[in-house]
Structures are given as C-alpha cells and as structure tokens.
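From these two lone chains plus the hints, build me the complex, please.
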Amino acid sequence: MALTKIEINPMTRLEGHGKISIFLDEKGNVDNAFFQVVELRGYERFVQGMPIEEVPRTVSTICGVCRAVHFTASMKASDGVYNVEPTPTARKIRELFFNAHYVEDHAAILYALGFPDFVVGPTANPAERNLIGLVNAVGAETGKLVLKKRYAAVKILEMLGGKPIHPVAALPGGWSKRVTQEERKEIMALAEEMVELGQLTLKIFEDVVLKNPEYVKLVTGDVYKVVTNYLGSVDENDKVAFYDGTQKFVDTNGKEIARFKGKEYLNYISERVLPWSYLKMPYLKQKGWKGVVDGPDTSLYSVGPLPRLNVASGMPTPLAQQAYEKMFDVFGHKPVHNIMGYHWARAIELLCAAENIREIAKDESLCNPDVRSKLGPASEGVGIVEAPRGTLIHHYITDEKGIVEKANLIVATTHNKGPINIAVKRAAQNFIKNGVVNEGLLNMVELAYRPYDLCLACATHALPGHDPLQIDIYDCDGKLYKTLKNF
Amino acid sequence: MADKKLRLAVLMAGACGGCDMAIVDISETLVDVLPSLEVVFWAPTVADVKYKDLEAMPDKSVDVGLISGMIRLDEHEHMSKVMRAKCNVVVAYGACAAMGGIPGMANMHTKEDIFQTAYFDTFSTDNPDGITPQPHYLMDGKYDLTLPEFYPYVRPIQSVIDVDYFIGGCPPHHSVVLNALVAILKGELPPKGSWITNGKAVCDVCPRNPRNTDEKRELVKEVRRTIEGDPDENKCLLQQGYMCLGPITQGDCGALCTKVNIPCAGCGGPIPGVKDFGLRAISAIASILDNEELVEQIPSPVKLFYRYSLPSSMLGKKVKKA
Ligand code: SF4
Ligand code: SF4
Ligand code: SF4
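Taken in order, these protein sequences are the chains called A and B. Using this note's numbering, you'd call the opening residue of the first sequence number 1 and step up by one each time. Using this note's numbering, you'd call the opening residue of the second sequence number 488 and step up by one each time.
It is worth saying that the hints were derived from the structure and are not from the lab. We put the CB at the ideal spot given by N, CA and C, even for glycine. Be aware that one or more of the hints could be misleading.
What the simulated footprint calls covered on chain A by chain B, stretch by stretch (three residues with Cβ under 8 Å from a Cβ of chain B suffice, anywhere in the stretch; the number is not a length) [to be verified]:
1) 49–55
2) 59–72
3) 156–163
4) 257–270
5) 397–407
Okay, chain B solo, but in the shape it has when bound (with noise of 0.2 Å):
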C-alpha cells in the first residue's frame, strides 16, 4: 500500500457505541494509522458525511467498510445495504455485527413483552392514559410527529446483506481493531467469509489452562456461580466449576476475562468450524460435566450459551402461537 490511501467507512447500526470506541481507543497509535486510510464516511456516529452522501458514492468506490451493531430498525438495514453496494469488502465488527449480540436476548420476548415492561410494568412509570409510543401522532390535533418502527426482531448483519469478514468481541480489543487495520492495509485477509482471527480458543491464550500449568483435566463435579466461593486464581475456572465458554470462544481478546477471574461468556463468537454457538457450547460443557444432574444448576441457560449469539443460532427468536 505505498501512496494509494486505503478507503473506509464506518457504519453504527443498532449499536451501543462500545465499537466505534474501541477504534478511539487505539488512542495515539490510530494517528499513525490515520496517514494510510481516508476514513469517507462514519455515521451516525462520526462524519461529515451523512447517509445521502454514501448513497450518492459510485458502487464499489469504497475498499472496506466495517458495521458495528445488529439490525433493529428498517434504517439499520436499509443502510446495510447500501454499505455493501458501496464498500468491496464488508465486515460485521464486533458481536452485535457478527451474531446479534446482546441486544440479540430480546428475540426471547416479544415486541408487545418489550413495549408492557417498559410502558406499564416498570416501577416508576406514570401512564395514566395507557398510552404506548406510536409510529404516528397527532398531537393537539395538529402536530403531526412521527417515530420510526421497530422490526419485531433483531437480526445478526449477514441476514439481510453479504458478509466478507466477522470480527468477534464485544466490544474487540483495541488491539485487535488495530491489528485488523493493518492487516486489510497489508491486503493480508483471509478467504472470503472468514472471521478475523487469530484462530485460537480464549483457552489456548488462557494462562489458567491446565496444559500450561501440567495439571490433570478432571470431570467436573459442582456447578459453581461466580458469587459462590473464592476461585483460586491460577486454577482453570470451568475446573472449579464455573461456567467458562473459554474452549469454544475465539480467543483474539487474550482471555481478558479469566485475568480478572471471571469466565468467558463467549463475546469472541464461535471458534473456526462451529456454526451454532450455543449448541457448541452446551455440548462441550456438557461432555465435561461428572453427571447429567449437574445441568439443573445453571440458571438460566440459554442466557448464559446464546448471551452473544442468539439472533444467529437455530433457535433464533421466540415464535408466537397464532
């Protein structure tokens, strides 16, 4: 990439921001970045350029555009789409992106589950009138106000355009967001359809992991919650019976986690090769417990395997019954 500055665009989509921080957080480092990149759009978050100006780009005039955040409103994928008309390569960044992420938990409930807890059940609402936020209203029988609708689920990127790169993590490490400029400012990408990655499991880079410290695997004989005990600090914790997603996690983030003893939930998205993360990850918890009672004790498993993913698991959302 000698004097060719490298074109990117950024897109938010239903995201929390955590992303687009993680590129601020390269701090100094993304200045000597910078030189090689001519960021053309980052919005809504960042820009001088707005959606009609994308939409106004010839297609394919933009070498790589990364989407951070799920697909929630009709915008999110209306923009998406014009992201992958625009941009060469895609690449979903981050969990919400690449799988739907957390926000992806609410696939378990309905948008009329959603909207009673939030505008009748919570505790400190006033709503007198029963009223719900409407996409059209005539307020004082003459300010017309508009809100935009929400689809009645979310939806992981690659279900509404083509994905060329997943990266995992949520958010991903700065370094890892640094580490995957440069590799698409050195052409160095993997096949199409890829995650970014550095191909291992949180458990290889995991100083914990019974390899490195020659301890014994064992079958595990108490499912443990965090707020139960006291971990030894350099035992691995699924070991101790803490409910680590780290052998099936990709493992780019160096085990943050486990560092400051708490398991992996699995933000890293699956390892090469599994396509259901949840699925992946019950069977190999399972296959490590001592019996099948052991199950019963972990609360709440779905929220526990598909915290990250479920927007993109088979399961995917609830049904309703007609």
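So here's chain A without its partners, still in its complex pose (with noise of 0.2 Å):
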C-alpha cells in the first residue's frame, strides 16, 4: 500500500525535539498516526555516583518549566533513602513551596497555552491566536494584573528554595531553611493575590467558554475524547492531593481499580520500549500491554489535572470544590474523556493551590525551627507527588552512604504518552479526509495535544504563547509535495 506521509515537525519541546507522523492511505484518509518524542539526556545514568542529597537540585534541571517537581520528588525519595519522615515544619514549607509552584506553573499554562484558543477563537488568525491577542481582548490592565499576581508564586519559590528556578533548599526529612514570622505574614499577603488569581482565571474560563455554546459543544463533544483508565493522589478524605497522598488508579467507567503508594509503583507500572521514540510508554500491568487503543479494555492511562479530578471525590479547599462541583455538572457524568476538561481542572487546581497557600500560611508553626530530621542509614526510596503535568515518580538505590547507585524516573508526560497518541490520531481521522489537508487542520491537531500541557517549553515562554507547527506533506516518492504553516 503507497502511503503518504504526513510530518508535523517540530512539536517543540523542552529536552529537544518532538514530532507527529500522520500516514494517509491512497485515498487520502488517516491510516496511523504517530508522536514521537526525544526526551533522553541520561539523567537516570548520571546521577548514579551522587549523594543523594545533591540530587534534588540537580535532577530539578531535567525542566525549568516544572520548576520545582523534580525537585520535590526526589527530595521525597530522599526521606525514603533514609528512612525518615519530615519533620512538621519541614512538611508544612515544603508543602506550601510545592503550592507556589502549582500557582506559577498552571498560570503560565493557561494564559500562553489553554486560554488562546478560546478567547481569540480556535479559528481565529494564528498570528493572533496567542498571548498577545489574548491581552489585546482581555485588555492590557487584565494581562498586566495577571502578571503580577502571578509573581507573588514565584517570590514565595525563592524565599523558600533560594533559586525561584530549580531551588536548593532540599534536605532529606527536612528544609535548609527556616521561616521567620516577617516572610510568613509576607506569604499570607501573596496568598491573598494568588487566591484573587485562581478567581480571575475561574471567571476568565466561565466568561468566555461556557457562556459561548460553540466552545462548550467543543469542550464537551466527542471529538477530544479519549477513553482511559485515570491516576491521581488523593487525601484521606478521597480529595485530589498535590504533594502527598494515595495514588489511586481508576478505570474507564470511574471505578477504583487500585491505590498504591512508593515501592509499590512497580505492581501497576510497566513502560514499553518502542523502536520509534526515545520516550517509553507505560501501561497498566495488570491489564498487560495492550498496544495503542483506547475504550473500556486499553491498559494506558492518563494523568494530569483531569485525571486527578476524575479520581478524587472532591477538593480539598471550599471555593475549589464549589468549582469541581460546577464542572461535573456541567459535564453531567464522572469520569470525564473529553479532553478540553484538562484545561478547566487545571483552572480550579490554581484556586486549590492558592487556598491550600493560605491555609498554610497561617498557622504559625511553620516558623518553628524543627526543619532537620535524624538520619537512618541509607538504602532505598520511591518519592511520589502530582505534578502540575502530572503523577511524577522518582525512585533511587543508595550504598549506605547515601550514594546513588540505581534512579529510575517517570515523568508526567510520559504517562500520557499513549493517550496523546491517541488524541492526536483521532483528531487527524477526524479533520482529514479524501486527502484533504487545509490550514484548518493545524489548529485541529495542535488542539488535541495541547491541554496534555506536554511540559512544552514554548507553553509557558510564549509570548505570541502560540505553538509553531509546521506540516511538510510528502508524495509516496520522498518529495515535498506541499508545506502547511501556522504562523
């Protein structure tokens, strides 16, 4: 069979580079597609020799745009190396700098990659579909406001971490630092803007998409849905978790299929090699590999915003969970497929966060100076968070000394690696067809991979906050036979 081959290349992306391949039958319809990923520089190897203590600021730079998650889960790998739990204090800073995170990253995330698109309109001019055209529409005084409330997360990083970006404040079963009452009443003032923040963003999202019937139909439709099984954290009390928790796996109709927590990982997780991307895709084990499918039988999951909300009972702040209760209803079932959902959870986990600052912040404990634990003797640990992208894993062996002898990581987008897929074949099946390949095209598949946030440093830097994609069509000969560009 001549196919035709489609290449959507660069997908840009932190470590490197990154691209889809869209394969077209004779008579012009989506046979595959494929998303291809390069996404190794070998930190699993080069860490090996450190101590462990050094690796939480070292692993950090594995992104810049995750700009605290490496770094708090091997720091929670750590405790585990030693066998030590945090001390009070040290749990609570910690806590509250992972939430500072969640703020500053979701920020970034929506206003340069989610809102775009709708705002200015999925069809909109691409040159406008960006950062800029937002502000133009929300107005200057809104994006200048955005802005700044945004920093307050990015202060309370480097209060607490040192570097705002890639901190070093890491210890095992503690924090080097210790927080004076002058920063805490410092934070609990930022805490208050940042609430203002996850309130705006709310209203920005309810204003624009769902006042908009055209948005919800594409927010709510078939079209980006992809049917998994979820991973998520959650509290005691079955609420979404962003720093510690339960992880708990659920199935395609919402039904609880597992919860594990560390070591544990290695009975649910597999991640399978394939010979076409330097990115492994993970499966759950007990539904073993089943290849690249979706619907009730698929052994791939998804994690994210989305999946946390689909897996937990609630929030575990009151204007977060008003918020959850909103977009269920709206939805009208649990768990939600439709993939634009991914972009409303991650609006009402910016509230979360924040809430979850202020409560923080105002328990004055967190000014006491237990922040160092005592040490067991070193040997194994497994930390675990829920990264703004995503569940995040770190697992490392250690010589008695502490020196890393064995790191295994799995990063959010990997999970995601199977779903994305998916996504992105669905969604050119869907727009292509008879060998039709117009502009309208672009946007319909970077709308298929884009609320998966692939950690995608043009995400967050963007100031036009606008993929650029470039499509280069091919005839069954190898010659360029016509070049599509968004921009």
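Now the structure itself:
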C-alpha cells in the first residue's frame, strides 16, 4: 500500500525535538499517526555516584518550566532513602512551596497555552491566537494584573527555595531554611493575591468558554475524547492531593481498580520500549500491554489535572470544591474523558493551590525551628508527587552512605504518551478526509495535544503563546508535496 | 537607543526551559523593556517565527542573539551556526550554553551506557524484545519513522561557534537577565569574549563571609555533607566544612544558595581569569583543607566540582578505549 507521510515537525519540546508523523492511505484518509519524542538526556545514568542530598537540585534541571517538581519528588525519595519522615515544620514548608509552584505553573500554562484558543478563538488567525491576542482581548490592565499576581508565587519559591528556578533547599527529612514570622506574614499577603488570581482565572474561563455554546460543544463533544484509565493522588478524605497522598487508579467507568504508595508502583506500572520514540510508553501492568488503543479494555492511563479530578471525590478547599461541582454538573458524568476538560480542571487546581497556601501560611508553627531530622541508614526510596502535569515518580537505590547506585524516573508526560498519541490520531482522522489537508487541520491537531500540556517550553515562554507548527507533506516518492504552517 | 528598537533573537538549544522562564519571571518589568526591543525570533519555545525564517533573514540583521542550552543534537549545532550568521552579537546565555551545564555530566558516560540504563536497566522498563529507539524504523513494513540522532557527547556553544559574551547561572536570576538586557540596550557591553558579570565572587556578596563578620579564616578540619549537622546560619559554610564553591564562582546571583544554608555549587561560572572551573575549584578547596586525608571524604568530587562545567573542562568527556 502506498502511504503518504505527513510530518508535523517540530513540535517544540523542552528536551529537544518532538514530532507527529501521520500516514495517509491511497484514498487520502488517515491510516495511522505517531507521536514521537526525544526525551533522553541520561539523568538516570549520570546521577549514579552522586550523594542523594545533591540529587534534587541536580534533577530539577530536567525541566525548567516544571521548576520545582523533579526537585520535590527526588527530595521525597531522599526521605525514603534515609527512612525518615520530614519534621512537621519541614513538611509544611515543602507543601507551601510546592503549592506556589502549582500557582505559577498553571497560570503560565493557561494564559499562554490554553486560553488563547478560546478567548481569541480556535479558528482565528493563528498570528493573533496567542498571548498578545489574549491580552488585546481581555485588556492590558487584566494582562498586567495576571503577570503581577503570578509573580507572587515566584517570590515565594525564591524565599523558600533559594533559587526561584531549580531550587536548592531540599534536605532528606527536612528543609535547609527556617521561615521567619515576617516571611510568613508576607506569604499570607501574597496568598490573597494568588486566591484572587485563581478566582479571576475561573471567571475568565466561565465568561469566555461556558457562555459560548460553540465552545461548550468543543469542550463536551466527542471529537476530543480519549477513553482511558486514570491515575492521581488522593488524601485521606479521597480529595485531590498535590504534594502527598495515595495513588489511586480508576478504570474508564470511574471504578477504583487499585491504590498504591511508594515502591508498590512497580506492581502497577510498566513502561514499554518503542523502536520509534525515545520516550517509553507506560501502561497498567494488571491489564497487560494492549498496544496504543483506548476504550473500556485499554491498558493505557492518563495523568494530570483532569485525571486528578476524575479519581478524587472532590477538592480539599472550599472555593475549589464549588468550582469542581460546577464542572462535573456541566459534563453530567464522571469520569470526564473530554480532554478539553484538562484546561478547566487546571483553573480549578490553580485556585485550590492558592487556597492551600493561604491555609498553611495562617499557621504560626510554620516558623518553628525543627526543620532537620535525624537520619537512619541509607538504602532505597521512592518519591511520588502530583506535578502540575501529572504523577511524577522518582526512585533511587543508594549504598549505605547514601550514594546513588540506581535511579528510575517516570515523568508526567511519559504516562500520557499513549493517550496523546490517540488524541492526535483521532483528530487527524476526524479532520483529514479524502486527501484534503488544509490550514484548519493544523489547529485541530494542535488542539488535540495542547490540553495535555506536554511540558512544552513554548507553553509558557510564549509571547505569542502559540506552538509553531509546520506540516510537510511528502508524496509516495518522498518528494515534498506541500508545506502548511500556522505562522 | 532613542527610537531604534534593538532587534533580539532567542534560541533554545539543548535546554530545560529554565533560562527562558527566567526571562518570563522578569514579569511586569519586562513589559517596560519590551517597547525598546523587537523580538525577531524566539524558538522553538516562542514564536511566530521559525528556524527557516531565521535562516532567511539577511546576515548580521539581528543586533543581539541569546542562546540557551548545550549542543547535543545536530539541530542545535546547525541553529547555533545560523544564529552566529544572523546576529551581530551572540551571547551564550546560562550555564548550559556557557559551560555545558548539568546535562553535560552525561559526558562521564558513553551514549551506550545511557541507553543501557534508560532502555534496559531501569526498574519499570518492559523490553521483552531487547529493542532501543532507532534513527530509522519501518513499522509494520509500511510506516517509515525517523528520529533525530544524538551526538555522542554534550558540548558548550563556543565549541561550535564564536561566542561574544557569556552569562552564567542555572538559570541566571531574573534580575541578572534584566540587568543584562538593560546593559545591552544601553550598549554598555564589556570587551568581546567576556562574561557579562559584576566581576565579584559569590563570597564577595555572601553575608556569611568572615571578612564581613570580622572573623578569622581557619583551615577546615572536617568535610561535611549538607545532611550532616546543623550549620550556624551566620557563619561561612566552607569554614564549617561544607564544600561551598563561592570563592571561585561569579556572584551575580547575590549568593542565593548560601542565603538558604546551602553551599554554592558553582552555577554562576568561573570568576574572571579562570579557564577550567573544576580544576580551580579543586585547588581552592584543597588549599583550605587542614590535611590531605580530608579530600577522600568528599563524595563524588567530579560531580561536585564539574557539576555545571564538565563539557568545557580539559577533561571534557569519557574516552572509550578502542
Ligand atoms: S542553564 Fe540551567 S536553567 Fe538554563 S537551560 Fe541549562 S539546565 Fe536549564
Ligand atoms: S565560602 Fe560560601 S559560605 Fe563562605 S563566604 Fe564564600 S560563599 Fe559564603
Ligand atoms: S550561590 Fe552559586 S550555585 Fe547558588 S545560584 Fe549563586 S552561583 Fe549558583
């Protein structure tokens, strides 16, 4: 069969280079599509030989957009290595710190990546469908306000973590810095700004998306729907947990299928090596490797904001809880498989993280001096956090001195590899028919991977806020047939 | 710089995005600088402008180009060369660009080692057929899939192009970025080949410096890891036995790490006049240790002293015996 190959290249990624390859049959319909990633820098190898306490500030550089997540997951793993719990004060500081990262990151992703499609419009001129277009649409005042309120979170990251990007204050069982009462009061004031940012963000989403029937269709319709199992962390009340909780898997109907903590992840998650992507493809071990398919029998699962809301029975804070109820009311079912729901869930989580910070900062004991624990003998530890993009797992084995011998990292975008592949293929199948490939296709394909927030650097740095995509179409002889671009 | 806008290009080579985020973190102040700048290119992270558009621009038509990240893929090398051709001034921006950075630690291992770990040895890997990703793969006999090939080693930017200026930091603090942008806008740049820096060491700006606290410097009698003991928050960390690289690191960050009780690991890059950061760090530390045996107590010295700079050191990379 003569297949025509369409390459979407580059999809801009943090670690280098990602692309989508779409294959058309001789009728010009989509035969298959692949989401290929370069994600390998070798951290699992070169942290070997490092003292475990040096690992958090080192692995943080896996991603500078997710500036505190690899740091936090490996710090939690270092607790496990030394078999210690963080002191109560250290735990509060860490949790506050981690929630500040949520506010900063979710804000960047939503305003640069999620909202322009809706505020400016999914079919608007690509040159305007970006952050600048967004600022034009909502007004410069609002734009500046958002930047300023987001910076409140960056300030907290620097105050507590040392460096605002790639922080350094991690210690096994503790935290290197004590918080003063003045700092706590400053954080309390910053928390109010962040709660306002959360409320403003939800209001923008509701005003722009929910009041527009066209967008509601886009969000709740079947085109952008991927039916998978879901994984996320819950607290002891089964509410969404970011920093620490129990990992819960639900199936495609929302039925709980497993719960695990720490090292047990190896009983539930396997990563398949693929010959065509540097990124491995994880699946739910119990169900066995079934390939890249969705539906009730799939062994693929998704992580991130929407899956977290799908697995939990609610939010841990009052304002976010209200927003959560509203979201599931609109969808009318749970779990929600509509991937545009990721953006909505992201806005709800931003508010939740801000409320979490407000709660923690109220507590005067945040300033207690007990930030360091006595360490036990070193051996092995697993650290799991809910990164803004989804469940993140760091696992280390050390010698008795705490020098790393082996490491295993599973990052959020990795878990979502299969679902993203399906989303992209489905969008391609929906929109490319009988060889008709037009400009509209480009944004439809973009729409399919964007909700997952692939840790794309462009998601957040974007002044235009927009992933530049180019699609080169080759004929069967490998000659360039047509080039389409969205810029 | 009255009415002419400064034409700026930003390229992310093998980077983590942190250097780009540092620009974003300038926040509202960035809005004040923006009217003086014309961002003609910012990719692949930002942009309505792509690689081929930069390629199409006339040579030397861009005033300043910032490159973050190291060179790992052929694409990084190619685009750095394009930047060199289009920009009058090229800045290696951040620790990766200037020195190879943390991802440069991969140079202690071969590509084969790294693949072995990622695709075979890691605990959750399921690889029944023993495969590794291939640059070319024909799936099911009909899907012709390609992947870019990695270079065997990480290199800093100046190993592939001529660099005019360097900025340290992993990433540079947003205030450093703002200062650099203002210096560039005002045309207040140091001689070609220099670092854009305040010229001070981290020690010079560190509130713990014995010189500032009127304490005597003494030889260090024990080497401590950050997990050991509870450092006095006002005393020099190095004096307390913590391996702080502040004496030989550029202090543009304002000693961010020591302010939260963590030793400097050298991300700012070498103080002026130092060629090989790690070598100088080793000699600086050795000279304040009380006796030679203490050296043995430093765990994984290469990954401490060369954490940000291995690809630009004289050691460079692991050499495979034929
Ligand atoms: S210097 Fe640091 S922040 Fe910048 S790209 Fe390299 S690892 Fe990321
Ligand atoms: S050695 Fe470190 S702690 Fe001591 S003065 Fe220098 S920077 Fe500060
Ligand atoms: S103290 Fe050292 S490691 Fe920390 S930010 Fe400054 S230069 Fe970098």
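Each hint tested on the structure:
With 5 residues having a beta carbon nearer than 8 Å to a beta carbon of chain B, the stretch 49–55 of chain A meets the requirement of three or more and the stated coverage holds. For the stretch 59–72 of chain A, the stated coverage by chain B is satisfied: 6 residues place a CB nearer than 8 Å to a CB of that chain, which reaches the threshold of 3. Counting residues of the stretch 156–163 of chain A whose CB lies closer than 8 Å to any CB of chain B gives 5, which reaches the minimum of 3, so the coverage claim holds. Residues of the stretch 257–270 of chain A lying with their CB closer than 8 Å to a CB of chain B number 4, which satisfies the three-residue condition for coverage.
Here the stretch 397–407 of chain A counts 5 residues with a CB under 8 Å from a CB of chain B, which clears the bar of 3, and the coverage holds.
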